[in-house]
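Those sequence lines, one after another, are chains E and P. Residue 1 is where the first sequence starts when you use the numbering used here, and the numbers rise one by one after that. Residue 1 is where the second sequence starts when you use the numbering used here, and the numbers rise one by one after that.
I should point out that these hints are in silico values taken from the structure, not numbers from a laboratory. None of these values were measured; they are calculated from a predicted model. Hints are not guaranteed to be accurate.
[As the list claims (entries may be wrong)] Think about it this way: if two alpha-carbon atoms lie no more than 27 Å apart in a straight line, the pair counts; the simulated DSSO-like pairs of lysine-lysine are:
id, chain 1, residue 1, chain 2, residue 2
1, E, K224, P, K64
2, E, K221, P, K56
3, E, K377, E, K391
4, E, K221, E, K206
5, P, K41, P, K64
6, E, K161, E, K111
7, E, K226, P, K64
8, P, K56, E, K161
9, E, K294, E, K351
10, E, K343, E, K385
11, E, K198, E, K111
12, E, K4, E, K111
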Amino acid sequence: MSRKDEAKSATGALYRNISTIDDSCFMARGQIADIPENESAIKSLEKNNLAYFVDDAMGVQVHSTVRRLLNHVTKRYRLRETHQAFAGMIEELRHAIQNYQFAKNKSQEDKLLYQDQIHEFTLDIMSELTDTVQSFAHVVGNEFSTISSIDIRIRETTRCKNEIAKLNEVFSSLSVADIRDWAGADLMLERLLMKTLKSHVDKCLKELSTTAHRLLEMIAKLIKDKEVQRLNQLIDSFYTHYQKNPSYTPDLGSVIDLPPSFNLISSITINSRADIDSAMDEEVLSDIAISVMKNVQRNNINDKQDEEVEVTDGRGETIEGDIDTLEENVDFFFDALLNEESKVSELTALKAHELLEVDAEPEDWMLCLMEHYEAQKSELTGKIKLTLDEKIIMPFDGNHYVRDICFSRVSNG
Amino acid sequence: MSERFESCIETLLNGNVLCEVSHPELYRYLLDHESLNSIQKFLHQIGRKIITTRDKAGFFCAYKDLSNPKHRADVKRQLEGVQGSFEGLILWLRLVRRTDPDSRPIEAGYRLMESELLAAIEDSASLNSQLDEIAHRLRRDHKSTESKSKLRSILKYLTEYGFLVSVGGSGAVYIATAKWSLVYDQLDFICQFEGIDISEPKDEVQKEMF
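Looking at chain E on its own, in the form it has when it is part of the complex (with noise of 0.2 Å):
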């Protein structure tokens, strides 16, 4: 049978059983049940290569390549790593471009061989490329919707954003200065390559990469959406869990690596004080000083004038006090002395504190003695005479250490 005979007759095989072969390739993943009703249909297909038979369980199976041009003419995507295929088809370009050269001089029905083989290969590229371009469009379109898992739903968008990196790899080696070293100065190469080619390469690669772009927001929404379940999961277990066990609290007692989220300390809070030392701050604190003690004056009046005092009428009554014991002691000293009945007309300030057994240092004693006689001196002076028994402390004569003070009588007579 000749190319053209073949041609017709896969394509006839097609037409007449489009029904069975569309229902196995989208409803049965290709498979056609090997029943009465399909034998005709089976034969006819197995005979053009266009199906074969796999085993009894699986039945028959649709060849990919039609599989494919139902796929390709009905727009149904379904996402395929095409990286390595493209890479391939770009050496493969590359080597009939090398053979075309080294044909051109010496034979041309090679020439036109190779010529062919260039079209061919540029333009499987260039179709290949679209589809792969308007598959990834129809991922984005569609943002794998038909499958329920988030996680496989990252997964696979993640897989196309990938497979989009790679293929900019793999288009990268189309560079403008690749495309006319290959080109050299052939009219037909550089139109081919030049125009045709690197502009449609070009132009899928702007809409792949607009399209990663618009993948990287849906793995961002995807990974959000992910996270909310999460949480939302989280909430509803912990409040079954509070249903369950209405007494329930969390008992960490126990845990001997607490997480970081449980690490929390206390609150310190930090309180310093000024350097009333410094020269830099001078004025500062100066005027916080003012400040302070206007705030405390305005207080203080504030307080007076609020301040309530309670008068009470004490008028006729008697209000009795207790007489300091060391004051009563002191008078009676002086008692002794004045009394011109007495005694005694000299007494010493030591010598009446073991007398009166005063409750005071004798110190304090003489002091208040030396007191007395000089708040009373103008009363005294003529009728008590002082002496005073001290000595001088080296080595500054002004330093005088009283050891004793005697007072005497002055006698009139």
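Chain P: place on chain E using the hints.
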């Protein structure tokens, strides 16, 4: 030392969770690697360290070494304080989620409108009863019969404890802080430690007509 360094240290040592909502300027300061290092270096010298919540939304201060009995006792005391409030907080999270059109839970940056919450609560007997339960659990104005008073009291409590920040000081709009991130981190740990199942509830098959 910059003013922001000083403020950061003071805020962290005060036991606050520092985030973009509660302390925007200081949070941005801490996002800078160099600033964060200088803060960390200072805190290390006083036996403390800076930690982020798992979602990186907030920073807080922790003890550097929990083998110190004093620090451990301190942490234990704080733990006893927080674990009693979990139930009330979970009920609150559920209540707010029910009023959200997308059933989103509260997270740092989540916006709450008092009027919208109140309208939803007043329209639903079950939400009203949830509010009663929250007020009871958080010991807030639970004797009041007015939903508005209870809601306001709960919002005030959450603001005082750093879970919410009042916007504009009007008291009508609140934004959630990263303290919720800390709560989620704590709940996560409790789940793991106490074996509470957080897997997705499976769809139950209805066996017969009721």
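Hints, one by one, checked against the model:
{"no.": "1", "hint": "K224/E <-> K64/P", "in the structure": "violated, 32 Å"}
{"no.": "2", "hint": "K221/E <-> K56/P", "in the structure": "holds, 17 Å"}
{"no.": "3", "hint": "K377/E <-> K391/E", "in the structure": "holds, 24 Å"}
{"no.": "4", "hint": "K221/E <-> K206/E", "in the structure": "holds, 23 Å"}
{"no.": "5", "hint": "K41/P <-> K64/P", "in the structure": "holds, 11 Å"}
{"no.": "6", "hint": "K161/E <-> K111/E", "in the structure": "violated, 40 Å"}
{"no.": "7", "hint": "K226/E <-> K64/P", "in the structure": "violated, 33 Å"}
{"no.": "8", "hint": "K56/P <-> K161/E", "in the structure": "holds, 25 Å"}
{"no.": "9", "hint": "K294/E <-> K351/E", "in the structure": "violated, 56 Å"}
{"no.": "10", "hint": "K343/E <-> K385/E", "in the structure": "holds, 16 Å"}
{"no.": "11", "hint": "K198/E <-> K111/E", "in the structure": "holds, 23 Å"}
{"no.": "12", "hint": "K4/E <-> K111/E", "in the structure": "holds, 25 Å"}
Hints 1, 6, 7 and 9 from the list above are not met by this structure, while the remaining hints are.
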